[in-house]
Every structure is written in structure tokens, then in C-alpha cells.
Amino acid sequence: MSAGNDCAVELKGVTFKRGERTIFDNVDIIIPRGKVTGIMGPSGCGKTTLLRLIAAQLKPSAGEVWVNGRNLPQLSRSELFDMRKQFGVLFQSGALFTDLDVFENVAFPLRVHTALPEEMIRDIVLMKLQAVGLRGAVELMPDELSGGMKRRVALARAIALDPQILMYDEPFVGQDPIAMGVLVRLIRLLNDALGITSIVVSHDLAETASIADYLYVVGDSQVLGHGTPDELMNSANPRIRQFMQGIPDGPVPFHFPAPDYREQLLGGDDA
Amino acid sequence: MRKRSLLEQIRLLGASGLTLVEALGRSTIFLMHALGGRSGTRNGFQLLLKQLFAVGVLSLPIIVVSGLFIGMVLALQGYNILVDYGSEQAVGQMVALTLLRELGPVVTGLLFAGRAGSALTAEIGNMKSTEQISSLEMIGVDPLKYIIAPRLWAGFISMPLLAAIFSVVGIWGGAMVAVDWLGVYDGSFWANMQNSVEFSEDVLNGVIKSVVFAFVVTWIAVFQGFDCEPTSEGISHATTRTVVYASLAVLGLDFILTALMFGDF
Numbered sequence: 001m002s003a004g005n006d007c008a009v010e011l012k013g014v015t016f017k018r019g020e021r022t023i024f025d026n027v028d029i030i031i032p033r034g035k036v037t038g039i040m041g042p043s044g045c046g047k048t049t050l051l052r053l054i055a056a057q058l059k060p061s062a063g064e065v066w067v068n069g070r071n072l073p074q075l076s077r078s079e080l081f082d083m084r085k086q087f088g089v090l091f092q093s094g095a096l097f098t099d100l101d102v103f104e105n106v107a108f109p110l111r112v113h114t115a116l117p118e119e120m121i122r123d124i125v126l127m128k129l130q131a132v133g134l135r136g137a138v139e140l141m142p143d144e145l146s147g148g149m150k151r152r153v154a155l156a157r158a159i160a161l162d163p164q165i166l167m168y169d170e171p172f173v174g175q176d177p178i179a180m181g182v183l184v185r186l187i188r189l190l191n192d193a194l195g196i197t198s199i200v201v202s203h204d205l206a207e208t209a210s211i212a213d214y215l216y217v218v219g220d221s222q223v224l225g226h227g228t229p230d231e232l233m234n235s236a237n238p239r240i241r242q243f244m245q246g247i248p249d250g251p252v253p254f255h256f257p258a259p260d261y262r263e264q265l266l267g268g269d270d271a
Numbered sequence: 001m002r003k004r005s006l007l008e009q010i011r012l013l014g015a016s017g018l019t020l021v022e023a024l025g026r027s028t029i030f031l032m033h034a035l036g037g038r039s040g041t042r043n044g045f046q047l048l049l050k051q052l053f054a055v056g057v058l059s060l061p062i063i064v065v066s067g068l069f070i071g072m073v074l075a076l077q078g079y080n081i082l083v084d085y086g087s088e089q090a091v092g093q094m095v096a097l098t099l100l101r102e103l104g105p106v107v108t109g110l111l112f113a114g115r116a117g118s119a120l121t122a123e124i125g126n127m128k129s130t131e132q133i134s135s136l137e138m139i140g141v142d143p144l145k146y147i148i149a150p151r152l153w154a155g156f157i158s159m160p161l162l163a164a165i166f167s168v169v170g171i172w173g174g175a176m177v178a179v180d181w182l183g184v185y186d187g188s189f190w191a192n193m194q195n196s197v198e199f200s201e202d203v204l205n206g207v208i209k210s211v212v213f214a215f216v217v218t219w220i221a222v223f224q225g226f227d228c229e230p231t232s233e234g235i236s237h238a239t240t241r242t243v244v245y246a247s248l249a250v251l252g253l254d255f256i257l258t259a260l261m262f263g264d265f
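Protein sequence lines, in the order shown, are assigned to chains A and B.
Numbering of the first sequence is given in the UniProt record's numbering, commencing with residue 1 and proceeding in unit increments.
Numbering of the second sequence is given in the UniProt record's numbering, commencing with residue 1 and proceeding in unit increments.
No lab work stands behind these hints, which were simulated from the structure alone.
Don't take every hint at face value.
What the hints assert, rightly or not - One-sided and incomplete, this derived list gives chain B residues near chain A with beta-carbon spacing under 7 Å:
{"hint": "1", "residue": "Thr130"}
{"hint": "2", "residue": "Glu131"}
{"hint": "3", "residue": "Gln132"}
{"hint": "4", "residue": "Met138"}
{"hint": "5", "residue": "Val141"}
To be verified - So, partial list: chain B residues that the calculated Cβ filter (under 7 Å) puts toward chain A:
{"hint": "6", "residue": "Ser135"}
{"hint": "7", "residue": "Ile139"}
{"hint": "8", "residue": "Gly140"}
{"hint": "9", "residue": "Asp142"}
Even for Gly, the Cβ is constructed at its ideal location relative to N, Cα and C.
Required output: the full structure, derived from the provided sequences and hints.
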């Protein structure tokens, strides 16, 4: 890996196409080790796709994805599954296993990847649930949990094996202010307490900027800019400024491309 | 609607052919990954038992009830025809051969596609749409080994057994109608059956058919679930495709297998 030990993930010249559409075109991203890195951009710009490229759930059309010194697209299927034990991912929906209760959901990675005795699994699960504040919900089924609680249980499951890299896919979407505050605090706390590398993919500007050490803004199949939250807030790039300040019209137009408004209204039949 | 030129129709035909070949290739690789190599999970046997219950045991009521009624109808219809020739004693032979050679494996295959196949597709599709399959991948567990393989094996094991139960219950239903209700002498009913049914010719061929149908129906069901669009509409289309493709595959393969087993070439 070229960027040395300081970076946990490095994307080098990554291009990703879906059919004819280019989602990413020759993108370079470096995720520093031990920090919270935010990947931001407008909805539909491919942020979740980027996360799936880092997790090797998708293969890039071109380029390299280096994680902890290994180029993921070149790994075999079984090597990839071994490699993923170093990852934890918090999906947007939580993605809890609906046929297992909270305890079994968190215990799942421990049961499949370790030969720990039952008492130790119990203790680890309770500790992880304590970290997310849901030790009392240990016997509940996923359909008995609120959206915010599901994400916290999923977070406890994601950290069950003490991963080196924790990825969050839109963690703040659809959360009430209390749940949002809890998640923001947890992401920062877990990162610092466990010494892991966190990647937060989100379009929630204030929350992400408040916890991220470093930010990438993506859009138009490119990395538009990167830097600390303060640097990006004061960026001279109009595209980044529009996103960071939430201006409705600008380089990213308010209107989806359409024929001339006047002509279309007066044209009648052509509409 | 715009009229398509002949050239465009040929192009579309070619495109759909390519899509079909691509899907066949994808499903074959999917099957090889699911069944090949080491199991990858510690509790493989427990997972298999759970699926045997869901796929096999829960299909029992529909198989038993259908087998019973089909056996009863066969005996009733057979008796009405055979009695005109004074051969009503042969009704046992007719019921047994029809069930063991044809109706047992075929009707079980069709019912299995409707009951268990559609449930498998919907369950796996739902897991995909709620990101449970992605979640497994990210935990470092191969969903083809953890989700798909136990379901495939459960289908392969349970369907031939269900077909055997179907035939046994059908014969029992046939005996109930012919012997207990219509008054056929039970000695000739069972003796004719015993004399005419051959193990290798009839029973074994029926078992081979049910094994082939089990393989195809379960493969179609799990692949459709795994390959579906992860939306409500996608899952609904995949479930429909499972029932349609699996039923057609059972009927088509039945003809081919019957021609190979019983056709005098």
C-alpha cells in the first residue's frame, strides 16, 4: 500500500459503472487510520455505492481499493470473507436478523467466527449492548424495537468482533433529535474508545461535520473536495459551498433538466 | 403502440436469448458456490434441521390431503371404467401404478413449488430487501453457505420423501374408496397391486423423478429469491416466476423422464 500505515483505506483511480452510467470516474480517496471520516454529497451521488466498493460488495470497473495493505478486488471469494471480519457496517435499515432476538443478533458474529464458551459470549454481548445503552432490551425481537433502537442494536452487532474499520451508511436518516444525538455521541465515543477507523456516509451536514475529523464531498462522479469541516465550510469552490451551506439553487440546479418551461406550457400536445 | 420492424424483432429475440443464457450461467455459478467447497458454518446441521422443518414438515398437510383425495378420485374413476369390463379387481394396480410412476412425483413437485418454493423465494427476497444478506456478507459469513445451502439440501431431501408419502396416502385413499366403499374384494385389490408393481421399474423410477424435480424446483426457488430486485414488486415477480418456471419445469421434465424410462426406443 502506497500511503503507508497512516491510512486504513485507499481508493486509487477507482471507476465504477452501472450499465452505461458512470457512478465514479477515476476517484482517489484516502481514509486516515483512527479518525472519523465523513463522506458527504447530495442524495443519489453514489455515497452508499462508495461504501460498498470499500467493503468489496461491489467490484470497481477500474482502479484499486486497498484496505489494511490488501487490494480487495484481487482477493478470492474466501479471502474476501476472511478480510471482512475486520469490518463492521451499520446499514441504513439496521439489517437485524428478524428471526433472532437482540441477544442472538449481537451474539451472531461471535458464534460464527469464534469458539468462545457460552458464558463469555453472554458477557461480551451484554458489554456491547451496555455500550449502546440497550442491555435492558436483550430479550426483545427486532420488530419490538423502534428505528433508533434497531440501529443501536445493529451497532452493537457491528462492534461485536472489535472491527478495525467501522462504516456507517446514512446513520442519521429518519431519526428523532434524541436518537440522532445518541448516535452522534456513540459514533465519536466508539471511535475514540476502541481506536477504530470510522467512515460515515451521510448527507446530514451538521451532524456529520460535528463528529468528523476529515470530510470528503462527492458529486458528479468525482471527489469535489476534501479537508477538515472548517476548511470545507470556507471553501472557495461554489459546488462545495452550495452543499455545505444548503443553498437550493446554484451549480447543482434546483430543476431537473427539462425542455423550455414557456414552450412546454404553450406547446399543449407535446407535454 | 409503435410497430416493430422485422430487424428489431430479431434483435429483441436475440437479446432475450442472451438474457436467458446469462441467467442460466449465473444460476449455475450460484449453485456451484452454494454446494461446493466446505460448509463455512459451524452449525450447518442445525440450519438444515430448521429448514427441513420449514420446507418439509410444514408441507406435509397439503401433501397428505392432496394425496388422499387424488387416490380416492383415481379409485372412483378407475372403478367406473373397469367395472364395465368386469375387471374392477385391477383398480388397485391402476391406482398404485398411476401414483408411483406419475402423479406422486409430479403433483408433489407442483404442490411443493406452490407451497415451499414460493415461500423460499419470498423469504430470501425479503432478506435481500432488508439488507440481511448484505449484513451477513459484511459479518464475513457467505450467504450462499449460510442461507442458500441449507435450503437447497432441505428441498433435495424432503421432496422425494413427500412424494413417497403422497403415493402411500393416495394408495390408502384408493383402497378406502374401492374396497371399503365400492366393495372390491380386498384380496384381489392388494394382490393385483403386488403382482404388477415392480420395484426397479415403477418405485425406483418414481423416486428418480422426484429427486430430479426436487433439485430443479428448489434450485429455481432459491435462485429467484437471491436474484430478485430487492423491492416489494421485485419479490412479488420473483415469487410468481418461481411457481411458473418450477411448474413448467416439472411437467416438461416429466415427459422427458417418462420417455427415457418407459418409452421403447
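Task: B/Ile139 as an interface hint toward chain A, with CB separation required under 7 Å - done: holds, 5 Å
Open item on the list: Would the hint on B/Glu131 be counted as holding, given a Cβ-Cβ threshold of 7 Å to chain A?
Closed with: OK, holds: B/Glu131 within 7 Å of chain A, min 4 Å.
Open item on the list: Hint B/Gln132 vs chain A: min CB-CB distance below 7 Å?
Closed with: holds, 5 Å
Open item on the list: The hint names B/Asp142 as touching chain A; please verify it with the least Cβ-Cβ distance against 7 Å.
Closed with: holds, 6 Å
Open item on the list: Interface hint check: B/Val141, Cβ to nearest Cβ on chain A, cutoff 7 Å. Holds or violated?
Closed with: Holds: closest Cβ of chain A sits about 5 Å from B/Val141, inside 7 Å.
- [ ] Grab the minimum C-beta distance from B/Ser135 to chain A and call the hint holds if it beats 7 Å, violated otherwise.
- [x] holds, 4 Å
- [ ] Using 7 Å as the Cβ threshold, decide whether B/Thr130 counts as touching chain A.
- [x] Hint on B/Thr130: holds, closest Cβ of chain A at ~6 Å, below 7 Å.
Task: Restraint check, 7 Å cut-off on beta carbons, for B/Gly140 near chain A - done: Holds: closest Cβ of chain A sits about 4 Å from B/Gly140, inside 7 Å.
Open item on the list: Restraint: B/Met138 near chain A, CB-CB cut 7 Å. Satisfied or not?
Closed with: holds, 4 Å
Violated hints are absent here; each numbered hint is respected by the structure.
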